[in-house]
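Novice: Given next are the chains, with one letter for each unit.
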Amino acid sequence: MSSIAVVTKASPLDALQRWLPKLVLAPSMLIVLVGFYGYILWTFLLSFTNSRFMPSYKWVGLQQYQRLLDNDRWWVASKNLMVFGGLFITISLVVGVLLAVLLDQRIRREGVIRTIFLYPMALSMIVTGTAWKWLLNPGLGLDKLLRDWGWEGFRFDWLVDPQYVVYCLVIAAVWQASGFVMALFLAGLRSVDQSIIRAAQVDGASLPNIYLRIVLPSLGPVFFSALMILAHIAIKSFDLVASMTAGGPGYSSDLPAMFMYAHTFTRGQMGLGAASAILMLGAVLAILVPYLYSELRAKRHD
Amino acid sequence: MNAMTRLATAVSLVSLMPLAALAGEVEVLHWWTSGGEKRAADTLQKLVEDKGHTWKDFAVAGGGGEAAMTVLKTRAVSGNPPAAAQIKGPDIQEWGALGLLANLDSVAEQNQWDTLLPKQVAEIMTYEGHYVAVPVNVHRVNWLWINPEVFAKAGATPPTTLDEFFAAADKLKAAGFIPLAHGGQPWQDGTVFEDLALSILGADAFRKAFVDLDEATLTGDQMVEVFAALNKLRGYVDADAAGRDWNIATGLVINGKAGMQLMGDWAKSEWTAAGKVAGKDYQCLAFPGTQGSFAFNIDSLAMFKLGDAENRKAQEDLARTVLEPEFQQFFNQNKGSIPVRLDQDMSSFDACAQKSMADFKEAAGNGGLQPSMAHGMAASSYVQGAVFDVVTNFFNDPQADPKRAAQQLAAAIQAVQ
Amino acid sequence: MTSLSAKSPFSLSRLAIYATLLTACAVYLIPLIVMLLTSFKTPEDVLTGNLLSWPELFTGIGWSKAWDSVGGFFWNSVKITIPAVTISTLLGALNGYVLAMWRFRGSQLFFGLLLFGCFLPFQVVLLPASFTLGQLGLANTTSGLVLIHVVYGLAFTTLFFRNYYVSIPDALVRAARLDGAGFFTIFGRIMLPMSVPIIMVCLIWQFTQIWNDFLFGVVFASGDTQPITVALNNLVNTSTGAKEYNVDMAAAMIAGLPTLVVYILAGKYFLRGLTAGAVKG
Chain Y
1 MSSIAVVTKA
11 SPLDALQRWL
21 PKLVLAPSML
31 IVLVGFYGYI
41 LWTFLLSFTN
51 SRFMPSYKWV
61 GLQQYQRLLD
71 NDRWWVASKN
81 LMVFGGLFIT
91 ISLVVGVLLA
101 VLLDQRIRRE
111 GVIRTIFLYP
121 MALSMIVTGT
131 AWKWLLNPGL
141 GLDKLLRDWG
151 WEGFRFDWLV
161 DPQYVVYCLV
171 IAAVWQASGF
181 VMALFLAGLR
191 SVDQSIIRAA
201 QVDGASLPNI
211 YLRIVLPSLG
221 PVFFSALMIL
231 AHIAIKSFDL
241 VASMTAGGPG
251 YSSDLPAMFM
261 YAHTFTRGQM
271 GLGAASAILM
281 LGAVLAILVP
291 YLYSELRAKR
301 HD
Chain S
1 MNAMTRLATA
11 VSLVSLMPLA
21 ALAGEVEVLH
31 WWTSGGEKRA
41 ADTLQKLVED
51 KGHTWKDFAV
61 AGGGGEAAMT
71 VLKTRAVSGN
81 PPAAAQIKGP
91 DIQEWGALGL
101 LANLDSVAEQ
111 NQWDTLLPKQ
121 VAEIMTYEGH
131 YVAVPVNVHR
141 VNWLWINPEV
151 FAKAGATPPT
161 TLDEFFAAAD
171 KLKAAGFIPL
181 AHGGQPWQDG
191 TVFEDLALSI
201 LGADAFRKAF
211 VDLDEATLTG
221 DQMVEVFAAL
231 NKLRGYVDAD
241 AAGRDWNIAT
251 GLVINGKAGM
261 QLMGDWAKSE
271 WTAAGKVAGK
281 DYQCLAFPGT
291 QGSFAFNIDS
301 LAMFKLGDAE
311 NRKAQEDLAR
321 TVLEPEFQQF
331 FNQNKGSIPV
341 RLDQDMSSFD
351 ACAQKSMADF
361 KEAAGNGGLQ
371 PSMAHGMAAS
381 SYVQGAVFDV
391 VTNFFNDPQA
401 DPKRAAQQLA
411 AAIQAVQ
Chain G
1 MTSLSAKSPF
11 SLSRLAIYAT
21 LLTACAVYLI
31 PLIVMLLTSF
41 KTPEDVLTGN
51 LLSWPELFTG
61 IGWSKAWDSV
71 GGFFWNSVKI
81 TIPAVTISTL
91 LGALNGYVLA
101 MWRFRGSQLF
111 FGLLLFGCFL
121 PFQVVLLPAS
131 FTLGQLGLAN
141 TTSGLVLIHV
151 VYGLAFTTLF
161 FRNYYVSIPD
171 ALVRAARLDG
181 AGFFTIFGRI
191 MLPMSVPIIM
201 VCLIWQFTQI
211 WNDFLFGVVF
221 ASGDTQPITV
231 ALNNLVNTST
241 GAKEYNVDMA
251 AAMIAGLPTL
261 VVYILAGKYF
271 LRGLTAGAVK
281 G
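Top to bottom, those sequences are chains Y, S and G.
In this text, residue positions in the first sequence follow the UniProt record's numbering: the first is 1, and each later residue adds one.
In this text, residue positions in the second sequence follow the UniProt record's numbering: the first is 1, and each later residue adds one.
In this text, residue positions in the third sequence follow the UniProt record's numbering: the first is 1, and each later residue adds one.
You may find that some hints are simply not true.
What the hints assert, rightly or not - Part of the chain S face toward chain Y, derived, beta carbon under 8 Å: (1) L98; (2) D240; (3) A242; (4) S380; (5) S381; (6) D389; (7) N396.
Unchecked claim - Listing some non-contacts, in silico: residues in chain S with all C-beta distances to chain Y over 10 Å: (8) E66; (9) K73; (10) V77; (11) I200; (12) A205; (13) S347.
As the list claims (entries may be wrong) - With a straight-line cut-off of 20 Å between C-alpha atoms, the simulated PhoX-like cross-links for lysine-lysine are: (14) S:K153 x S:K305; (15) S:K38 x G:K65; (16) S:K46 x S:K56; (17) S:K313 x S:K46; (18) Y:K144 x S:K257; (19) S:K305 x S:K56.
For the record, the hints were derived by calculation from the structure and aren't laboratory data.
From a predicted model like this one, the values you see are computed outputs, not experimental measurements.
No residue lacks a Cβ here, since even glycine has one placed at the ideal position from N, Cα and C.
Construct the entire structure; sequences and hints are all you get.
Specialist: Structure follows, in structure tokens:
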């Protein structure tokens, strides 16, 4: 490393210095182009073919998309993703912010409490799913616990109710991720300039008002990071669904990622699976790109 | 000692001699990962290793082989499939059509598979007339499992017709038992649907609907009747069934909370593990109305083309070993199924297995052998998946309309072809 | 530390704050407690008792059985995780350094393209990736799995470092360049020593992600190269045989233990790292 520095005065090495940043970035660029976009392109191509068990390249035009839109299960899965993603992200943010603000009040044993809130994030979704599947199990789980404790008429059977099962996924996912959101916001709160707050206090503003009007609005970038990570988890929640409900009862808790996986790999409908993957990516693009764009734009100015 | 067991001993003695000159490696992708199945798979491993080969275990559990199929596809795409993989039914044809499967004709000829195996089974194991896979066992799907003690308490009698079945269920319900132990997973819903279909449609129409995928049969009045029966049957399942594993459901029958279960004969391993005796502590009946039929589910190992000659030898030895009587007996006694060899000595099997074998032979003779749709024997996995979607959605929808369901079934099958 | 606390430490509102926090603690802890209790019960006890009932007989049978079936795969996970975490963190640091300090035409576009990778559902890449691994002769090896984890971890590691480095004044780098320091000197002498907090965040994040990965593990490894999550799934998701919930739970605990320990021991560095600027953007 340092040997380069010693000889930078020589002119061919000067040129090298100018190229170094690009050279260093080159492998990653290659990885991204091939491993992300090349593969997406390949999937895009497959979605126009009649691929079944294995990839084939017989062109069928938009037929797979047509079939996808005619498929009831696809619509259930898409609707579920919206319900799940929306609720999961909103509730995690609200719970996370609330806990962070509460923890910011000079709480005793803050470190212990923080660790308790944060630890679920360390577990894999498979473990979370297995644990919650059991907790929410009607007959064995919380249902039985509360009846054993004397609440006779208690009945909690969302896990087996096609109407409510998707909310069970939300509960488990919020449990896992909200502590992490708390950590992000707590970190943000700690970096807020204290003099502004003190000034507001002198002006007689109430504590909730100070948080709502002054502190939280200044945490925009934290909000952005939290949203990125939550959206990442929502889209990847395949493991959670697989271990908790496997899409059931019926296919009422199916998500697009499950749909895509089942059709591509277990049902020999690779073309249809590819089409569903492309629609999923399209939806993610439509939501994220404007947001990412504005964020990146804003950053360039500072 | 009859001739067969003597032969078996001879074969296993030969197999003990390591053929060091031709020692290859055989990688086997399977999902026999639990209890009796795992013991059975370990035996196969030992028998193959006794022949001097190396066994590379490639177990992927989960979802009745769904995870394993994903892995297999990615392995095939990457250009190095395992030597053998647990693939069954019409899916073998799909893999054959891709040109990936090895030709086992020489092993088959040496060991007279043509005479050992029933014709219907041999057909599944061949692609364009060549053996590409070896069958491991035969499961019967259309069984009704009964706890006689519960039946006695409720004053119900073991049913032989569908009407009697519902009558017995009513009595069980009135006596405060769960009439039917069920787990609400798509394949279990599919299994129940299939039993009802076989009972109501009869063998010929069943075949027409699920093998030939004939639209008139799929939307016909009888199919509407099947869905109506499924709707009725749901009333006898407890509210907590959704997502329940089948063996938990079997547990409900074993410990007397439920009266019956519709399940393939792998359920027997649960009864055996609980120390119960077939014919005494529990009864196995053909599902009411399907007495002459045998809905079969055959596990098989398909063999992939390999480059290395020694590995090919190991692969052939594996194929040979699977059909040896010794392995057939041990494996099937652990798994609850029956041997696929028609000449197997059944004296050490339990009552249910003996009855199963007798029915299998009879059905093989008179055309009563039916491929199980719910277990991927009747049609390829895409048709199976389409049927599951419709059936499981119907089963979980309180407002479901049988007539509409039959239309949806035909449409869904049409859409994936 | 903020000084927003109410003036009187014993006011009603403080009581409410503590009550809320303690309730939340209970909610977060219950699943862990249930798993621990269950793992020490006998199988019969699991079915007869309820979630929070004390084990009638404390037994370690569940744990020893669980270790027998998944323990061997524990070391595979170690072998995969350590190199993958190290390499992806290092690459992320270099990328972040370039993207923050050495911008060139298109570097911002590249960053945008990379960010999108955070949201790529990995199921999409399984088939083409396995084809590539086959071509490279890495199918079914732990090295192949390391490569995959490096590639698909890159988006997040780069994001972490880039966001950390943009908050460091450009002037620092400019001054060093005027002094004749080169690209790597600045990185090694100036940037890295300042990066300890974000390195901690990145290591913890990547360690958790890779250790807990199931999808890539099940698809790109086989038999004796499987990571522990796959072994756990093989144990828990078996189709036949009596369900031994105590063994399942103990195995889940074993699989989760390393990441749990990391979070408990290094949690404060994690928070410190986040405070130090990872989230400032």
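Novice: Does each hint fit the structure? Answer for all of them.
Specialist: Status of each hint after checking the structure:
1. Interface restraint check: S:L98 against chain Y, minimum CB-CB distance 6 Å, threshold 8 Å, status holds.
2. Evaluation of the S:D240 hint against chain Y yields a held restraint, the C-beta minimum of about 5 Å falling below 8 Å.
3. Because the closest C-beta pair between S:A242 and chain Y is about 3 Å apart, less than 8 Å, the hint holds.
4. The restraint placing S:S380 at the interface with chain Y holds, with a minimum CB-CB distance near 6 Å, inside the 8 Å limit.
5. For S:S381, the shortest C-beta to C-beta distance to chain Y is roughly 5 Å, which falls under 8 Å, so the interface hint holds.
6. Given hint, S:D389 at the interface with chain Y, holds; its Cβ is 5 Å from that chain's nearest Cβ, closer than 8 Å.
7. Given the 8 Å rule on beta carbons, the hint for S:N396 holds: about 4 Å separates it from the nearest Cβ of chain Y.
8. Not every CB of chain Y lies more than 10 Å from the CB of S:E66, the least distance being 4 Å, so the non-interface label is violated.
9. Its closest Cβ contact with chain Y, about 6 Å, brings S:K73 to no more than 10 Å, contrary to its assignment away from the interface.
10. Against the 10 Å criterion, S:V77 falls within the reach of chain Y, whose nearest CB is about 7 Å from its own CB.
11. Here S:I200 stays apart from chain Y, with its beta-carbon at least about 22 Å from theirs, past the 10 Å limit.
12. Listed as a non-interface residue, S:A205 keeps its Cβ farther than 10 Å from every Cβ of chain Y; the least gap is roughly 25 Å.
13. No Cβ of chain Y comes within 10 Å of the Cβ of S:S347; the nearest lies about 40 Å off, and the non-interface call holds.
14. About 57 Å separates the Cα atoms of S:K153 and S:K305, which puts this hinted pair outside 20 Å; it is violated.
15. The straight-line distance between the Cα atoms of S:K38 and G:K65 is roughly 15 Å, inside the 20 Å bound, and the hint therefore holds.
16. The suggested pairing of S:K46 with S:K56 holds, with an alpha-carbon distance near 11 Å, which does not exceed 20 Å.
17. At roughly 16 Å between alpha-carbon atoms, S:K313 and S:K46 fall within 20 Å of each other, so this suggested pair holds.
18. Between Y:K144 and S:K257, the direct Cα distance comes to roughly 17 Å. Compliance with the 20 Å bound is thereby established for this hinted pair.
19. For the hint pairing S:K305 with S:K56, the CA-to-CA distance comes to about 17 Å; that is within 20 Å, so the pair holds.
Consistency note: the structure conflicts with the earlier hints numbered 8, 9, 10, 14.
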